[in-house]
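A.B. asks: Each protein sequence line maps, in turn, to chains A and B.
Residue numbers for the first sequence follow the UniProt record's numbering, so the first one is 1 and each next one is one higher.
Residue numbers for the second sequence follow the UniProt record's numbering, so the first one is 1 and each next one is one higher.
Derived by calculation from the structure, the hints in this document are not laboratory data.
If you're wondering where the values come from, they're calculated on a predicted model, not measured in any experiment.
Glycine included, each C-beta is placed from N, C-alpha and C at the ideal position.
Wrong hints could be hidden among the right ones.
What the hints assert, rightly or not - DEER-style ranges, computed between Cβ atoms:
| id | chain 1 | residue 1 | chain 2 | residue 2 | range |
| --- | --- | --- | --- | --- | --- |
| 1 | A | G21 | B | T260 | 25 to 33 Å |
| 2 | B | H289 | A | Q295 | 36 to 44 Å |
| 3 | B | P291 | A | Y18 | 56 to 64 Å |
| 4 | B | Q95 | A | G299 | 53 to 61 Å |
| 5 | B | T260 | A | G299 | 42 to 50 Å |
| 6 | B | L77 | A | E263 | 46 to 54 Å |
| 7 | B | R215 | A | S38 | 51 to 59 Å |
| 8 | B | E330 | A | P291 | 42 to 50 Å |
| 9 | B | R215 | A | V99 | 52 to 60 Å |
| 10 | A | Y288 | B | Q95 | 51 to 59 Å |
| 11 | A | N127 | B | H289 | 38 to 46 Å |
Claimed, not checked - Derived BS3-like pairs (lysine-lysine); straight-line CA-CA distance at most 25 Å:
| id | chain 1 | residue 1 | chain 2 | residue 2 |
| --- | --- | --- | --- | --- |
| 12 | B | K156 | A | K277 |
| 13 | A | K328 | A | K307 |
| 14 | B | K277 | B | K321 |
| 15 | B | K309 | A | K277 |
| 16 | B | K40 | A | K277 |
| 17 | A | K309 | A | K123 |
One letter stands for each residue in the lines below.
Number of protein chains: 2
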Amino acid sequence: MADQVTTVRNKQVILVSYPKGWVTEDNFRIEETDMHLSLKPGCGHVLLQTLWASVDPYLRGRMQESKGGLYAQPFQLGKPIVVRAVSKVIASDNQEFHVGEFVAGPISLGEYALVEGGQGLWKVDPNLAPLSYYLGLLGAPGLTAWVGLNLIGEPKRGDELFVSAAAGAVGLVVGQLAKLKGCRVVGSVGSDDKFWQCTFLLSREGYDSIQHLDRYFPQGIDIYFENVGGRMLEAVLNHINLNGRIPVCGMLSGYNQEWTEREGVRNLMNIVGKCVKMQGFIVSHHFYHLPTYIQEVAGYLKEGKIKYKEHVTEGLENFAKSFIGMLKGENFGKAVVHVSDP
Amino acid sequence: MADQVTTVRNKQVILVSYPKGWVTEDNFRIEETDMHLSLKPGCGHVLLQTLWASVDPYLRGRMQESKGGLYAQPFQLGKPIVVRAVSKVIASDNQEFHVGEFVAGPISLGEYALVEGGQGLWKVDPNLAPLSYYLGLLGAPGLTAWVGLNLIGEPKRGDELFVSAAAGAVGLVVGQLAKLKGCRVVGSVGSDDKFWQCTFLLSREGYDSIQHLDRYFPQGIDIYFENVGGRMLEAVLNHINLNGRIPVCGMLSGYNQEWTEREGVRNLMNIVGKCVKMQGFIVSHHFYHLPTYIQEVAGYLKEGKIKYKEHVTEGLENFAKSFIGMLKGENFGKAVVHVSDP
Numbered sequence: 001m002a003d004q005v006t007t008v009r010n011k012q013v014i015l016v017s018y019p020k021g022w023v024t025e026d027n028f029r030i031e032e033t034d035m036h037l038s039l040k041p042g043c044g045h046v047l048l049q050t051l052w053a054s055v056d057p058y059l060r061g062r063m064q065e066s067k068g069g070l071y072a073q074p075f076q077l078g079k080p081i082v083v084r085a086v087s088k089v090i091a092s093d094n095q096e097f098h099v100g101e102f103v104a105g106p107i108s109l110g111e112y113a114l115v116e117g118g119q120g121l122w123k124v125d126p127n128l129a130p131l132s133y134y135l136g137l138l139g140a141p142g143l144t145a146w147v148g149l150n151l152i153g154e155p156k157r158g159d160e161l162f163v164s165a166a167a168g169a170v171g172l173v174v175g176q177l178a179k180l181k182g183c184r185v186v187g188s189v190g191s192d193d194k195f196w197q198c199t200f201l202l203s204r205e206g207y208d209s210i211q212h213l214d215r216y217f218p219q220g221i222d223i224y225f226e227n228v229g230g231r232m233l234e235a236v237l238n239h240i241n242l243n244g245r246i247p248v249c250g251m252l253s254g255y256n257q258e259w260t261e262r263e264g265v266r267n268l269m270n271i272v273g274k275c276v277k278m279q280g281f282i283v284s285h286h287f288y289h290l291p292t293y294i295q296e297v298a299g300y301l302k303e304g305k306i307k308y309k310e311h312v313t314e315g316l317e318n319f320a321k322s323f324i325g326m327l328k329g330e331n332f333g334k335a336v337v338h339v340s341d342p
Numbered sequence: 001m002a003d004q005v006t007t008v009r010n011k012q013v014i015l016v017s018y019p020k021g022w023v024t025e026d027n028f029r030i031e032e033t034d035m036h037l038s039l040k041p042g043c044g045h046v047l048l049q050t051l052w053a054s055v056d057p058y059l060r061g062r063m064q065e066s067k068g069g070l071y072a073q074p075f076q077l078g079k080p081i082v083v084r085a086v087s088k089v090i091a092s093d094n095q096e097f098h099v100g101e102f103v104a105g106p107i108s109l110g111e112y113a114l115v116e117g118g119q120g121l122w123k124v125d126p127n128l129a130p131l132s133y134y135l136g137l138l139g140a141p142g143l144t145a146w147v148g149l150n151l152i153g154e155p156k157r158g159d160e161l162f163v164s165a166a167a168g169a170v171g172l173v174v175g176q177l178a179k180l181k182g183c184r185v186v187g188s189v190g191s192d193d194k195f196w197q198c199t200f201l202l203s204r205e206g207y208d209s210i211q212h213l214d215r216y217f218p219q220g221i222d223i224y225f226e227n228v229g230g231r232m233l234e235a236v237l238n239h240i241n242l243n244g245r246i247p248v249c250g251m252l253s254g255y256n257q258e259w260t261e262r263e264g265v266r267n268l269m270n271i272v273g274k275c276v277k278m279q280g281f282i283v284s285h286h287f288y289h290l291p292t293y294i295q296e297v298a299g300y301l302k303e304g305k306i307k308y309k310e311h312v313t314e315g316l317e318n319f320a321k322s323f324i325g326m327l328k329g330e331n332f333g334k335a336v337v338h339v340s341d342p
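Chain A on its own, in the form it takes in the complex (with noise of 0.2 Å):
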């Protein structure tokens, strides 16, 4: 294709205005735009055809003019927001990175996207999974699921583990690899903090299944893989175990809310009572673990020792009713957007 045409309309996500509360459609807009296809030589870009674009609760965190504590930089309105994506190269000035090969990285999203030097690239083997999964299961949500787990959770053969968001793009990867640990794995599911509501998830996938917590955790909770915060994180405190372990990925809860309007935690004490070890952290920090992760996990795969699923959502012009519903809980497994075929 690079090579017939020089220009093609390109559609982008633009972020209109940062939501008050509730992300809605309004806060995006489509718009499509002329793109040239030529690359100028000796600056190492990369052009892509996005193929697959991922939809994560912590792009919420950059839709806000105050960081609030979270973690990356504002999008800035006007301009395209920033996704990760599985992508096709169609040109490239980059010696890394060769056409018709597939990648993984952060693009500014739309149907096509240039990325200065490459940066944050990184090569995909179609053969080894769909191509998707490189958003999922062998993505930023997988690692992060095994980073919190064995890097701050420690799970040891017989601990119980509980996981919040469990049938999401982390969540879903937290209880099965932590059941190949020797974990006893309870998941909560629900949007928000409707936290009990959903129980399928938990028979369908093999986990154990789930209602309160004292019902489900009469020994105990040693390991809480936190994605929910608030009042679910109150519960878990109230049932933590001595040496406690809470590795906090996210705190979906509340994402919507200043954090002056969220519910605050009231039973920290019991960190001190319980000695619990409770930490954050942010994957893009220990991205160089990926490539022994998508070895391990790959692996498991083949076997048929680990299942993924996705809520797939057809066009890039959905891309903001899929990040909607993402945050509402709507979504049973990762949620992508469908933008084009190879």
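Mind docking chain B on chain A? Use the hints.
C.D. replies: Just chain B, lined up with the frame of chain A:
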């Protein structure tokens, strides 16, 4: 004394009711009974004359029916409370402890105390420091500072350290040990949540002075030694640096409230954004470090590199008054009650 009499009048401090909210003197009474000073042979019991009794915040946690996440069993109503004390051995059926020796350890609070099997007692050296120091600088509070600072805080030269309740038994040691490790130290003092009102300690004891976190930590906070909780913790989480460490020793601000009534912490999300490790601990799990710790600090004492301050109340009958004052933050330095002379 034990040689001449077989019975002695013994005043004890009895808990008569669990405080609702703030502790009052009515929650206690002084009871005087006869105590036999003869020991049944073969049991390893030790009879002690109390010299100094320790007044510590953690006692509040034992003065309630439900444990509420706190770490020790509730005190029984109608019985003496159990506190750490420095005592003189006046009779012993235990090979480890001899009449005339000085010991520290938990006792049922009275002028005299029987310690079954000598449990929890350890010998102290009256030549190293004033005996009362074994309840503070050279005892559990000092070791608490050392464990939290070194094992969880992992101080490095140049780290920015903030300690709350800096004029308390633990805080005084944290600040000085951290300075010896090359940290820049700022402490807050004042009762409960009146965080910023007292600055005298900080200059008097050689700490850096304090008023507001943003003013005193333009470079952010690397280590927060947590004694207070609530709004103080929130303020710190808004100023914490990447990879910050928060050893959680206690959360004084909530000790007089049920957990559901405490002010919740609303910005825990910063733990993720800043990859913070927040870890609770209980000093009794680390008592095996006590000899190492005492050796280290005795050295500093001798060289004049560390100072300590005590807030002394005279007489067992004033224990409740001293305890209440300490909870209100009226003490400057380690609160101790002087019960008798050797």
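A.B. asks: Confirm or reject each hint.
C.D. replies: Here is what the structure says about each hint:
no.: 1; hint: A:G21 - B:T260: 25 to 33 Å; verdict: holds, 26 Å
no.: 2; hint: B:H289 - A:Q295: 36 to 44 Å; verdict: holds, 40 Å
no.: 3; hint: B:P291 - A:Y18: 56 to 64 Å; verdict: holds, 58 Å
no.: 4; hint: B:Q95 - A:G299: 53 to 61 Å; verdict: holds, 59 Å
no.: 5; hint: B:T260 - A:G299: 42 to 50 Å; verdict: holds, 47 Å
no.: 6; hint: B:L77 - A:E263: 46 to 54 Å; verdict: violated, 35 Å
no.: 7; hint: B:R215 - A:S38: 51 to 59 Å; verdict: holds, 54 Å
no.: 8; hint: B:E330 - A:P291: 42 to 50 Å; verdict: violated, 59 Å
no.: 9; hint: B:R215 - A:V99: 52 to 60 Å; verdict: holds, 56 Å
no.: 10; hint: A:Y288 - B:Q95: 51 to 59 Å; verdict: holds, 57 Å
no.: 11; hint: A:N127 - B:H289: 38 to 46 Å; verdict: violated, 54 Å
no.: 12; hint: B:K156 - A:K277; verdict: holds, 20 Å
no.: 13; hint: A:K328 - A:K307; verdict: holds, 24 Å
no.: 14; hint: B:K277 - B:K321; verdict: violated, 37 Å
no.: 15; hint: B:K309 - A:K277; verdict: violated, 32 Å
no.: 16; hint: B:K40 - A:K277; verdict: violated, 45 Å
no.: 17; hint: A:K309 - A:K123; verdict: holds, 22 Å
The structure does not agree with the numbered hints 6, 8, 11, 14, 15, 16 stated previously, though it agrees with the rest.
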